[in-house]
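The whole structure should be built from the sequences, with the hints applied where relevant.
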Amino acid sequence: MAQVSLDERARRIRRTILRLAATPTGCHLGGSLSMVELLVVLLGRVMKFRPQEPQWEERDSLILSKGHAAAGLYAALAEFDFIDTEELVQRYNSDGSPYTGHVNAAVPGVEFPTGSLGHGVGLGVGLALGHRLRQRTNRVFVVCGDGEMGEGSNWEALQVAAQHRLSRLTLLVDRNGGQNDGPTEAILSQAQLVERLRAFGWSTVEVDGHDLEALGTALEAPSDAPRAIVAHTRKGAGVPMFRGKGPHYATFNAEQLRRALASLGEVTP
Amino acid sequence: MTSPTSNGTDLLSAPADWLREQPGLSNRQVFRHTLARLADAEERLVLLEADLAGGGDPFAARHPARFINLGICEAAMLDIACGMAATGHVVFAHTFAPFGALRACEQVRLGMAYAQANVKLVCDYGGLSGAFFGPTHHAIEDLALLRAMPGMMVVSPADGLETIQATRALLEHDGPVYLRLGRNRVTRMEDARPAFALGRAMCLREGSDVGLVAHGEVGVSIALDVAARLEAQGVSSRVVNVHTLKPFDEEAILDTAERTRLLVTVEEHSILGGLGGAVCESVATHGLGRRVLRAGIQDRYDSTAGSHEALLERHGLEATALVEKILGALPRPRLAALAPAARRG
Numbered sequence: 001m002a003q004v005s006l007d008e009r010a011r012r013i014r015r016t017i018l019r020l021a022a023t024p025t026g027c028h029l030g031g032s033l034s035m036v037e038l039l040v041v042l043l044g045r046v047m048k049f050r051p052q053e054p055q056w057e058e059r060d061s062l063i064l065s066k067g068h069a070a071a072g073l074y075a076a077l078a079e080f081d082f083i084d085t086e087e088l089v090q091r092y093n094s095d096g097s098p099y100t101g102h103v104n105a106a107v108p109g110v111e112f113p114t115g116s117l118g119h120g121v122g123l124g125v126g127l128a129l130g131h132r133l134r135q136r137t138n139r140v141f142v143v144c145g146d147g148e149m150g151e152g153s154n155w156e157a158l159q160v161a162a163q164h165r166l167s168r169l170t171l172l173v174d175r176n177g178g179q180n181d182g183p184t185e186a187i188l189s190q191a192q193l194v195e196r197l198r199a200f201g202w203s204t205v206e207v208d209g210h211d212l213e214a215l216g217t218a219l220e221a222p223s224d225a226p227r228a229i230v231a232h233t234r235k236g237a238g239v240p241m242f243r244g245k246g247p248h249y250a251t252f253n254a255e256q257l258r259r260a261l262a263s264l265g266e267v268t269p
Numbered sequence: 001m002t003s004p005t006s007n008g009t010d011l012l013s014a015p016a017d018w019l020r021e022q023p024g025l026s027n028r029q030v031f032r033h034t035l036a037r038l039a040d041a042e043e044r045l046v047l048l049e050a051d052l053a054g055g056g057d058p059f060a061a062r063h064p065a066r067f068i069n070l071g072i073c074e075a076a077m078l079d080i081a082c083g084m085a086a087t088g089h090v091v092f093a094h095t096f097a098p099f100g101a102l103r104a105c106e107q108v109r110l111g112m113a114y115a116q117a118n119v120k121l122v123c124d125y126g127g128l129s130g131a132f133f134g135p136t137h138h139a140i141e142d143l144a145l146l147r148a149m150p151g152m153m154v155v156s157p158a159d160g161l162e163t164i165q166a167t168r169a170l171l172e173h174d175g176p177v178y179l180r181l182g183r184n185r186v187t188r189m190e191d192a193r194p195a196f197a198l199g200r201a202m203c204l205r206e207g208s209d210v211g212l213v214a215h216g217e218v219g220v221s222i223a224l225d226v227a228a229r230l231e232a233q234g235v236s237s238r239v240v241n242v243h244t245l246k247p248f249d250e251e252a253i254l255d256t257a258e259r260t261r262l263l264v265t266v267e268e269h270s271i272l273g274g275l276g277g278a279v280c281e282s283v284a285t286h287g288l289g290r291r292v293l294r295a296g297i298q299d300r301y302d303s304t305a306g307s308h309e310a311l312l313e314r315h316g317l318e319a320t321a322l323v324e325k326i327l328g329a330l331p332r333p334r335l336a337a338l339a340p341a342a343r344r345g
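Protein sequences appear in the order of chains A and B.
Using UniProt numbering, you'd call the opening residue of the first sequence number 1 and step up by one each time.
Using UniProt numbering, you'd call the opening residue of the second sequence number 1 and step up by one each time.
In case anyone wonders, no lab produced these hints; they're calculated from the structure.
Some clues are possibly wrong.
A few chain B positions that, by computed beta-carbon distances, are all more than 10 Å from chain A [claimed, not checked]:
{"#": "1", "residue": "Ser208"}
{"#": "2", "residue": "Gly273"}
{"#": "3", "residue": "Ala319"}
Coverage of chain A stretches by chain B, computed from C-beta distances (three or more under 8 Å per stretch; other residues unrestricted) [unchecked claim]:
{"#": "4", "segment": "102-113"}
{"#": "5", "segment": "119-125"}
{"#": "6", "segment": "128-140"}
{"#": "7", "segment": "146-160"}
Ideal Cβ positions, reconstructed from N, Cα and C, are used throughout, including at glycine.
Below, the structure written as structure tokens:
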């Protein structure tokens, strides 16, 4: 395949996500769009994997703990050849399809079923401990939402990771500032998130979550402790018509899809 | 110090002999020794604890690299167990039943049951065995919850030998399992018994009047005691040990229903949703119209202190009371012919 820039990949993933919002049941749109650069850098630059051999033993793992953003992960897996984009759009949330509205491990490239929140860090700690015990060097990446950091189980698992110095485990917090019922800060504040993660023993940095280079640098920086990247993002990011305030959930009609794609610079037939 | 191979007797090759040499061990301790011994030959085996391993765990002593005490974080422990299983380990996660099965219930559901992870959740303090520690440390609903999870295997061994056999069988079973143990009892069934197989109930005694269906350390020992007392009154009992609650051996229950006149379930669990519930479901589903007497915890929490035995007694989980109840419930016509003494009483 010809070299495709990460920018271009991000744009194509966004186009697929918008098309998923135009399926009969719609999708979790804002939080899928906010994490696109996170997934693009992971899959396009940092992670080792084989799309045709998703269970390859030496693969790095990606756990989408904020599993409601399934549309974003599926779209990214399609962009990186795990699944077929057209099949995904045709079958998303339809009868008998594996593409459920919260992440389904029956989809190639998905490690665990998630979407009940607060499980990803623990599962990631388990993978990292398991690899270490088998003397493997696989890396493990967990993507959580900032609202999801309200779950106590995450903080249990964060402590365990620090205690065991799981340096091959990386947490990316998609700090888009919104959760189901509104702004995260208005519901259960995650202020001082960076300081709290640091206090829990994690090597922690803050980055612009839409800056591909900054994300790549943060992900490739060596660390002897588990690493947390608090990525500041915007719901609905990358789709100009949302101006960074995309809806949490959306079901587009044909006209809305046309306008959304047009704002991305796409011309639909 | 006790070890899985003390005095030259090996726990795995001669379990009955080994148990006779360790008369004071509770079943939860027997489990620890069994796991330590099994890990000698199975390198994938890992044991996770959440600060309730106690001192001197034989697994920790024998296989320190594969023993991880995570601290007080049961929810994370279950997620971690499932993550480790995904890297090819056979993960045993051990804690108390109220914390493993109840507090971390959703982790068990999502990580173990839904994902069909090769994780064995082993919990002691099943039922009321936490006794005077109070209801925070009792688990009377765990079996109902975990039995309801698709794909979960649920096992309650009756004594030390069965604990050894079940633990060994769990290692060979690829999939999620809940193994439930008590805290105190040292039940040792010395009579010969049929071979142990996961998912297959075991008839411990033949009889035609009462079908006593039981599981676990307390349930089976009470059922055997009740059967002996009933026999002294001329009432014969079939005793079936349902060590595996799920998959449920429905055939054994229907067979027992056909061979006897009254079904009685005996278990250290709420009368709702455990073995009593399972037997009622099977009997009613097959239209047998048979009354089922459910001996178990009577749908209430016990907030006052007491010994394990005292708490069981409060719920009628004790042979004398249960015999009375059974004699009162046996269908009359044949009871008249069988036990005139009981009828006069």
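Hints, verified against the model:
no.: 1; hint: Ser208; in the structure: 49 Å, holds
no.: 2; hint: Gly273; in the structure: 22 Å, holds
no.: 3; hint: Ala319; in the structure: 43 Å, holds
no.: 4; hint: 102-113; in the structure: holds (count 4)
no.: 5; hint: 119-125; in the structure: holds (count 6)
no.: 6; hint: 128-140; in the structure: holds (count 7)
no.: 7; hint: 146-160; in the structure: holds (count 6)
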